[in-house]
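J.: Respectively, the protein sequence lines represent chains A and B.
First residue of the first sequence? That's 0 in numbering that gives the first Met the number 0, and the numbers climb one at a time after it.
First residue of the second sequence? That's 0 in numbering that gives the first Met the number 0, and the numbers climb one at a time after it.
Just so you know, nobody snuck in bad clues.
The list that follows gives simulated cross-link-like pairs (lysine-lysine, PhoX-like), each with its CA atoms no further than 25 Å apart: (1) A:Lys-122 <-> A:Lys-3; (2) A:Lys-80 <-> A:Lys-112; (3) A:Lys-122 <-> A:Lys-8; (4) A:Lys-138 <-> B:Lys-117; (5) A:Lys-80 <-> A:Lys-8; (6) A:Lys-80 <-> B:Lys-54; (7) A:Lys-113 <-> B:Lys-54; (8) A:Lys-138 <-> A:Lys-112; (9) A:Lys-113 <-> A:Lys-80.
Don't read these hints as lab results, they were simulated from the structure.
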Amino acid sequence: MIDKAHIGKTFPAHAVTVEAGRLRFFAKAIGETNPIYTDEAAAQAAGYAALPVPPTFLFSLEMERENALDWLDEVGMVLAKILHGEQSFVYHQPACAGDVLLFDTHISDIYDKKNGALEFVSKQTCVTNQHGQHIADLKTVLVQRNG
Amino acid sequence: MDEQHIMMIDFDQITVGQALPTLTLPAINRTTLALFAGASGDHNPVHIDIDFARKAGMPDVFAHGMLSMAWLGRLITNWVPQTQLREMNCRFAGITHLGHIITCSGRVIENFEQDGNKRVRVEIQSTNQYGEVKILGDAVIGC
Chain A
0 MIDKAHIGKT
10 FPAHAVTVEA
20 GRLRFFAKAI
30 GETNPIYTDE
40 AAAQAAGYAA
50 LPVPPTFLFS
60 LEMERENALD
70 WLDEVGMVLA
80 KILHGEQSFV
90 YHQPACAGDV
100 LLFDTHISDI
110 YDKKNGALEF
120 VSKQTCVTNQ
130 HGQHIADLKT
140 VLVQRNG
Chain B
0 MDEQHIMMID
10 FDQITVGQAL
20 PTLTLPAINR
30 TTLALFAGAS
40 GDHNPVHIDI
50 DFARKAGMPD
60 VFAHGMLSMA
70 WLGRLITNWV
80 PQTQLREMNC
90 RFAGITHLGH
100 IITCSGRVIE
110 NFEQDGNKRV
120 RVEIQSTNQY
130 GEVKILGDAV
140 IGC
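Start from the sequences and build out the full structure, keeping to the hints where you can.
T.: Encoded structure:
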């Protein structure tokens, strides 16, 4: 069983510079065709300072820290048994290439269903930018299948 | 259809019951997953290494949930400018496998106010070619 004592565990906050090249690579990988996500001039014509961070890419930036999966072991989770159960984003301000985003993450809940056959770990992340503006909040629920 | 020429709509033109233009993706193959692993930074081998996937009890590698959620993001931002997207919530209801052809769809289900601002809620889902629902969720759009 995943020890519920890990509820409240915080991850070291990390800062990530949003890179335009990475945004273009992500756009390619998801088949994005809207030029505002790949062409600086199109992004600026749409009112952005630079290429905007698309809606789900904050999840990727949250993982941009050293040994991003080590915490699983620390709380007693096994990578091969994990599925992504739920994901939420609440958006406050747009983020663009060149921004430096700060990710502050903690484990907000641990619970189980079906007599422990399924265990759930919920993580919450607050994202702010280099100006101290609140960019977004993320919530991730991972499911461990113990069958 | 050339998606670059889809006209995005203003908040005032949105009505309850309205369907979003659907988005259908090419069949998922191993290249799709390798590219997404690199671009997204999710290097979990269960999505790219068949040996690891089999040891994990899966018949083969399978798609990242966040790939399908990124496509749902495209569904929304093809319809309204991203600056109007306030919230997106998804529950991953089933595993998306190689060969699946995913269609993203959405429908406006509610008008409401949040902190004095007008909002609409859109239910969103991704479904494969067999009609199996892979993601169920909702998005909140503001003016």
